[in-house]
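Chemist: For the record, the sequence lines run as chains A and B.
If you number the first sequence the way the numbering used here does, the last residue is 545 and the count never jumps.
If you number the second sequence the way the numbering used here does, the last residue is 1146 and the count never jumps.
Because the hints were derived from the structure by calculation, they are not lab data.
Predicted, not measured: the structure shown is a model, and the values here were computed from it.
Virtual Cβ for every residue (Gly too), placed ideally from N, Cα, C.
Treat each hint with caution, since some may be false.
[To be verified] Selected chain B positions facing chain A (in silico; Cβ < 7 Å):
| hint | residue |
| --- | --- |
| 1 | 964 |
| 2 | 990 |
| 3 | 992 |
| 4 | 996 |
| 5 | 1005 |
| 6 | 1006 |
| 7 | 1018 |
| 8 | 1029 |
| 9 | 1084 |
| 10 | 1085 |
| 11 | 1093 |
| 12 | 1095 |
| 13 | 1099 |
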Amino acid sequence: MAARFLSIWFRHLRTDSYVLRNPELRDIPIILTVLDHGRVVITAANAKAEQQGIYPGMGAADARAIIHGLHVADDEPARAEKLLHELALWCIRYSPCIAVDPPDGLHLDISGCAHLWGGETPYLKTIMTRMRSAGYDVRAAIADTVGAAWAHARYGPPTAVIEDNAEALLSLSPAALRLEPSTLDKLHKLGLTSIGQFARMPRQALRRRFGEGLLKRLDQAFGRERETLQPVERPVPYQERLPCLEPIVTATGIGIALERLLEALCSRLRTEGKGLRTAHLTTFRVDGRTQTIGIGTTRASHHTAHLYRLFEDHIARIEPALGIELFVLEAPTVEDAAPLQEKMWEGSFGLLDTGLAEMLDRITGKLGTQSIKRYLPDEHHWPERSIKQAGSLQEKATTAWRDDRPRPVHLLPRPEPVEVTAPIPDYPPMNFRYKGALHRVKRADGPERIEREWWIEEGEHRDYFTVEDTEGKRYWLFRSGHYDKNAAWYIHGFFA
Amino acid sequence: MATSDIIRQLQRDILPLQGFKPPSRGERVDIGLPALEAAFPQAVFPTGAVHEFISSTREDMAAAHGFVAGLLGHLMRTEGICIWVSTARTVFPPALTNFGISPDRVIFIDCSSEHDLLWAVEEALTCEGLASVVGEVRDIDFTTSRRLQLAVEKSRVTGFLLRHQPRRLGTVACVTRWRIAPLASQWEDDMPGVGFPRWQVELLKIRNGKPGTWVVEWAEGRFREAQRHEAQNEREPLRIVQTG
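Chain A on its own, in the form it takes in the complex:
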């Protein structure tokens, strides 16, 4: 399929956006200005002002002298840049690959898109009508190369679908080639006023006189050199789009759209033996806003019903307002998925169980990823550090769990001080007072000395004792440091 490009030129992008923000200024000549070396210079003028001889680069004082009742406002260049980017995102409904062409244009790679609108002429007309009704003064052209589309949008007839690329370019002015002003000056001095006059000159001669730039632009315009676009959004390989004839306004409608997109995406993933880990549903609203909801899975999945359930909770977050006209489902992270295990006999599959992964996905969707924890043993003596969080369900322990030492069922998040009576060094306490209650120790085991890991932090070692009081309650106490007058005792856990 031959490549086709559409170039859109916003003739008065800045003033148009200014008028959109201030609708009462619709029929008034407007200029936007910036302060340049103490002089107020015009950066943009609307069509009304331009008709009366105002052009960017002129002094604002001169313009005021020419036109009575001229509206002057400060220009915000950053706003125009942002607006252009937003317009580019809005245009994604017409083509997946869109590049911004600063300061006031867009490039669309429309190869294979136009037939969805019934051909290039109606396609171009749809876009133009939408842009114009939104309040932008635009010109656009479709051609075989980016350069030619740019040239025709700016220097050709208002809306143009160019079939014969090379022939149509020859009659245009050299300025249509996106050349440096100095090169244009030279061409002008030599009396070359159309591309046709020099396009067939020997390349060496052109290079000698005008430099490499002219040749490059010529080649780009005539399709001898490929020009790549920098899309505003990189196309995701796993993507499904669903344009709607009528704007969707209900949650049921969104649900049906989502289901259809998921079915299409999952059947593709299934045939390729893959599953998705993350997915985003982006909705494009009639008023130009987009909203995105996303999900993640613990294991690569291509199970439509499960993914739909994950999305289901988030559908309520989408505000359709006047309606949604396009749904795009993307799966940025895709992994190889093991084929689903058939349930051949009763019994669980442990951590590989699909049902488990799906249940955890639902919980993650509602409570967040940080709510699910699984622990593996870690090689540290310090009880608090003896476990580490597992990164995934599949992660296996690198060391074995130790069960040769008694460990309490409940461990306090941080040890709490207790008052003790300990008569003899390195012997367990006779009694201790915890939260006001006195516990008389009847049986005890220990001490188990646990050294602090000096390569992590400095401090005293701990001597742990397992004690049982007269009522049969079992505690884990420790003394911090060696036995002396001011040794501190702590309770660190409860045994079953």
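Given the coordinates of chain A, assemble chain B onto it according to the supplied hints.
Modeler: Just chain B, lined up with the frame of chain A:
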């Protein structure tokens, strides 16, 4: 046919209607406490049901967690997965190894509210691939507990609700209600040191069974029934042993 036979037959017919499904072959879980198991309908520990544990003090809670961990060890065997849902988690995973559980097969879910917790417990109980679900829930109403019971009847997952200091006990649709209290450990020949964990297991409520009280010990990786030593001298002198 004798009247007692008829009654026994009727009881057997009623059980499935109340959510007690007869365990299929290979599904029978033997917890190794025949005297306690005799209290259950059909003398089998009810799996695929929700059990409720009440505790009032911190030590009781630790004892209940220990007893439940022992039960989990039997339910999970080698491959099973347990989901542990709580709002303020106190369990120390390495301690579970003492009860025959590999702690990496326990997945902890930390919720920020009781409401989320009950939702997560129900969600987990509907998941068929699990061995059991533990929920540290404080209060639960009848309707919610009924929902949990219906979920386990379908999925055959065993649920444990650990209720610490509940505001109101109320009526719940769980098959059992337990209370576990720690008891002084006892070495057989009066050796010094702390012995095996020993609890007083009270079965306060059991549907179609006989409530009762037992003394149970977790010794050498399994449950063991023990005798209560009433004649324990409260004023026994401090005995200590130095090890390690």
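Chemist: State for each hint whether it applies.
Modeler: Tested hints:
| no. | hint | in the structure |
| --- | --- | --- |
| 1 | 964 | holds (4 Å) |
| 2 | 990 | violated (9 Å) |
| 3 | 992 | holds (4 Å) |
| 4 | 996 | holds (5 Å) |
| 5 | 1005 | holds (6 Å) |
| 6 | 1006 | holds (5 Å) |
| 7 | 1018 | holds (6 Å) |
| 8 | 1029 | holds (4 Å) |
| 9 | 1084 | holds (5 Å) |
| 10 | 1085 | holds (4 Å) |
| 11 | 1093 | violated (10 Å) |
| 12 | 1095 | holds (5 Å) |
| 13 | 1099 | holds (5 Å) |
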